[in-house]
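Residue numbers (numbering that gives the first Met the number 0), protein chains in the order written: chain A, 0 to 305; chain B, 0 to 265.
If you are wondering where the hints come from, they were derived from the structure by calculation, not from laboratory data. Misleading hints may appear alongside valid ones.
[Claimed, not checked] Per label pair, the in silico range of CB-to-CB distance:
(1) A:R120 with B:W56: 35 to 45 Å
(2) B:T169 with A:R12: 15 to 25 Å
(3) B:A170 with A:R12: 22 to 32 Å
[What the hints assert, rightly or not] Computed footprint of chain A on chain B, listed as stretches where at least three residues anywhere in the stretch have a Cβ under 8 Å from a Cβ of chain A:
(4) 26-38
(5) 84-94
(6) 132-146
(7) 203-209
(8) 223-234
(9) 237-251
[Said to hold, decoys possible] So these bits of chain B aren't anywhere near chain A, every CB distance computed over 10 Å:
(10) S48
(11) S65
(12) A79
(13) G98
(14) Y175
Idealized CB from N, CA, C, for every residue including glycine.
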Amino acid sequence: MATASEVAEQAERDDIRLRWLLSAPALLIVFLAALGPLLIVVVYSFLTPGNYGDVKWQFSTDAWVSVLFERDVFDDTVSFATAYLSIFWRSVSLSLATTVLTLTLGFPTAYFIATRPDHRRDIWLFLITIPFWTNLLIRTFAMQEVLRNDGIINSALQLLGIADHPVQLMYTNFAVLAGMVYVFLPLMVLPLYASMEKIDFRLVEAGYDLYATRFEVLRRIIVPLVTPGIVAGSILVFIPSLGAYVTPRVLGGGTNLMIGNLIELQFGQGRNWPLGAALSITLMVIVMVALLFYVRNTTRSDGAHG
Amino acid sequence: MAKRFDVRRQNGFVSLAILCFFLLYLPIATLVVYAFNDNDSLAIWKGFSLRWFHVAWNNGLVIESSIRSFQIAAVAALLATISATMAALATTRTNPYRGLTFKYAFINQPLMVPEIVTAVALLIVFSRIKIWTGYSGLGYLVAAHTAFCVPFAYLPIRARLESMDLALETAAADLYATKWKTFRHVTLPLLWPGILAGLMLAFVVSLDDVVITEFVKSGGQDTLPTYMLGQIRRGVTPEINAISTAFLLLSIGIVTAFFFVSRKRT
Numbered sequence: 000m001a002t003a004s005e006v007a008e009q010a011e012r013d014d015i016r017l018r019w020l021l022s023a024p025a026l027l028i029v030f031l032a033a034l035g036p037l038l039i040v041v042v043y044s045f046l047t048p049g050n051y052g053d054v055k056w057q058f059s060t061d062a063w064v065s066v067l068f069e070r071d072v073f074d075d076t077v078s079f080a081t082a083y084l085s086i087f088w089r090s091v092s093l094s095l096a097t098t099v100l101t102l103t104l105g106f107p108t109a110y111f112i113a114t115r116p117d118h119r120r121d122i123w124l125f126l127i128t129i130p131f132w133t134n135l136l137i138r139t140f141a142m143q144e145v146l147r148n149d150g151i152i153n154s155a156l157q158l159l160g161i162a163d164h165p166v167q168l169m170y171t172n173f174a175v176l177a178g179m180v181y182v183f184l185p186l187m188v189l190p191l192y193a194s195m196e197k198i199d200f201r202l203v204e205a206g207y208d209l210y211a212t213r214f215e216v217l218r219r220i221i222v223p224l225v226t227p228g229i230v231a232g233s234i235l236v237f238i239p240s241l242g243a244y245v246t247p248r249v250l251g252g253g254t255n256l257m258i259g260n261l262i263e264l265q266f267g268q269g270r271n272w273p274l275g276a277a278l279s280i281t282l283m284v285i286v287m288v289a290l291l292f293y294v295r296n297t298t299r300s301d302g303a304h305g
Numbered sequence: 000m001a002k003r004f005d006v007r008r009q010n011g012f013v014s015l016a017i018l019c020f021f022l023l024y025l026p027i028a029t030l031v032v033y034a035f036n037d038n039d040s041l042a043i044w045k046g047f048s049l050r051w052f053h054v055a056w057n058n059g060l061v062i063e064s065s066i067r068s069f070q071i072a073a074v075a076a077l078l079a080t081i082s083a084t085m086a087a088l089a090t091t092r093t094n095p096y097r098g099l100t101f102k103y104a105f106i107n108q109p110l111m112v113p114e115i116v117t118a119v120a121l122l123i124v125f126s127r128i129k130i131w132t133g134y135s136g137l138g139y140l141v142a143a144h145t146a147f148c149v150p151f152a153y154l155p156i157r158a159r160l161e162s163m164d165l166a167l168e169t170a171a172a173d174l175y176a177t178k179w180k181t182f183r184h185v186t187l188p189l190l191w192p193g194i195l196a197g198l199m200l201a202f203v204v205s206l207d208d209v210v211i212t213e214f215v216k217s218g219g220q221d222t223l224p225t226y227m228l229g230q231i232r233r234g235v236t237p238e239i240n241a242i243s244t245a246f247l248l249l250s251i252g253i254v255t256a257f258f259f260v261s262r263k264r265t
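The shape of chain B in the complex, shown without the other chains (with noise of 0.2 Å):
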């Protein structure tokens, strides 16, 4: 029997799309496997061991960098989240009216500037405001974080909210339901899906932010990927692998699961 012709087939691409797999994971795991290794150096492997991880475990430096990096990805995640709901509210489902493409094009800016240069122009601003005002605490890397993650939560906000349409909110006012009682039993419900996959991208984005986090902080606020880059130009130890594994894993897990909430309709 002659075997179907399949329209869809072009010659060599299932072997080149099979190397660009496999040179996607080639790094990865190479970075994994010698998270691994019982050695001093990277170099030579000397069989397995969990000995990296304990010692990135009892480094204090790499716990307490973590701890800021939550600190700053929850509070800034949080901040941008809200904000960037009661934006999409406002941007989408209503007929044009003047200043809206202000607005779309005001939110999505930080995506548009290269990150290096969002970068000098907050050290040059937060420099200026910390002679002026004294104080030098974690609130700038928040504000500089928040401003960056308003876009990222935005987009899946408000791509969930142009894919519901206004009949039920409608309904709900014709049942005498006021503005906020309808936005909290209906829209909020509804929307939810989307201001959970909001939240999350903010959170990993700001999770793994070095470079804005490089010009802004101060002296003693590393968070964990800015340690860590300061670390790889030092030479590095296996101590880095491990760090880097369970970051990776962190946001593989993180990834799942927006995944699956981004992926749920309801």
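In isolation and in its complexed conformation, chain A is listed as follows (with noise of 0.2 Å):
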């Protein structure tokens, strides 16, 4: 005879076991056409590459090897690969430059939204979500018009007088920044808006009462309040933007690449797909390291406020 806990322990051993079966869809499918095809970049980093592009399978480090460093043809030197280092600066600092003015922009305007009556915030909040579900390369695309030569700030320009010709926006990493953060701002936004949902307003009251200044107020009470919104919208916006691709490529014309558009040129008229492999790994790592200093960072935040 079974004891009422056997019962208790069978029935949820049973219970698991259909767990595990009902998420086995989901988790197969993210395995084979998104996890697992990673694995085996990882195995693509470490072989030599073919003529006509796909690889030749014979162990080699000279992908890992010329992501950081490029071999004179003439005398077998080693020296930075100044090209792909250059190409790397190049993503980080747009990407943490796009973040900067995502957040300079996005701040004020959650604030806005989070501050308007309840029954109108949902209106505010939809102007935001329509550009965040539009796609992105139709947002890119309408960039273009805007920075064209005979675009609308082009032609502005000319119409007021202070260009008699037009100044070349497209192809430059202005194009590239202004096209991104136009394209990341609403990943900012929307969670820094659920932050300052939250905001408790006697608290910003007891702050006047105290004689505080407004600057006063919004640095020392309402932005250490966001900090976790802060953090969110910077990764939401951080992340995409260093594995940009179409934004570049579109705005950025051939000669401002940023990673993504390098590793696709490995896969195209580079022919170097143990190169792009390694190049992707390496855009991956950089991501992983952000994504554990935001998961560290939540969890140190939400330890102080208890």
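Using the hints, put the two chains back together into the complex; each one sits in its own frame.
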């Protein structure tokens, strides 16, 4: 005879088995078409490039060496691969600039929405959501319309007499930056709003009662309260910026590459799949470091606020 | 009378917010306006016309790639939503068990990895499978889209489930309903708004994808976004504006529907 506790244990085991069964399809599809292939990328980064793309099954660390270093064709000396490093550097600095600019614009916007009367917040929020769900390619293309030599910025500049001939905006770092800020702005506003919505304004009132100025209230009450939102928004903007492919390709032309385009190049004209694989993993490691920073930061701030 | 002191006010925030909304909508508005331009090039406004919508409509490639986009999005969103619903049922309203955190991390993994990295990973694997099996149909695109749609479908469904308590299901079980009957008549109707929201999100995300599709597609398998990307590189006519405008209207329609579905509380 089974005792009551044995029956309960058996029921729990059955429940857990059912739960594994139910999650199996989702786990399987993610493994087959997302996670699994990533592992194969690691393998590919240690192989030799084939003559017409693809790889030869021959172990080699050349790809990894050339991520960082370049070998001089004449005397075989090794030096830093300045071309790749400069692209990495451009990607990181453009992504940081994007994060800072979206924060500068997004913070007041989220605050604005969070301080509207309840029934009107939804409308403002909806206005942020529409661009968010509009195709990224379409938004990038829209930015191109604005930045073109005969686009509205240049037309306005000439109409106002500031410039007498079109200013070249397209295919510059500025264009890529403007495009990324435009495309990723909603990703900053939404998490900021989520944490601002919960601000208890009695704390702000208390601040004013203690003779704080508006700026002091902002700096010492509001900002600390919404730090989780700031961190979440920054991560949500920084990570896709770093891996951006469409925006630099459309707005940056052929010369203002970012890591994403550099990786694509290795699989296209470059015909160096192992190098492309190694660059992909490098990008992923940078992203993981950023995520780790985020996880550490959120757990710490949770602890601080109880 | 003195103006009431507003504790919520911060200097300059309202003007910055207005500027932000203006910047968000200016490019989209420009794009839409120029879709109606009666001129061969984008540059100069020559009057209102629907002619570029006609051109797009009669462009076989546009229609063909749109249909392909819809087919892939429909199948991928459906598969993703079904598996995400099952996974959400398996990972909510339970005591923590071994492997639960692993499941969360696993299911959300496509969100953590830059799209370009997933794209080249799939290119590597699928090109090998194409050689081995000789199959080069739409299956690859459907599989890739399903995988990255799973987390998008999973999140709203899980959120909905977590807000439902177990009392009703327990009551059904007390009345001798089987597990399946309880699910069919109690859980599913309550969960429905979440499932619908997940389905719509997955559909939009699949429809919008450029990067992964660009790398995975075989020759002649352009979706609307990859077709547009190709055209934009070649220099553009207002036809692209017309296509974008139509696409935009569709997205707004779906987002509006999503907004109301996820807002509805029952």
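* Just pull the numbers of the violated hints for me, sorted ascending. => Of the numbered hints, 12, 13 do not hold.
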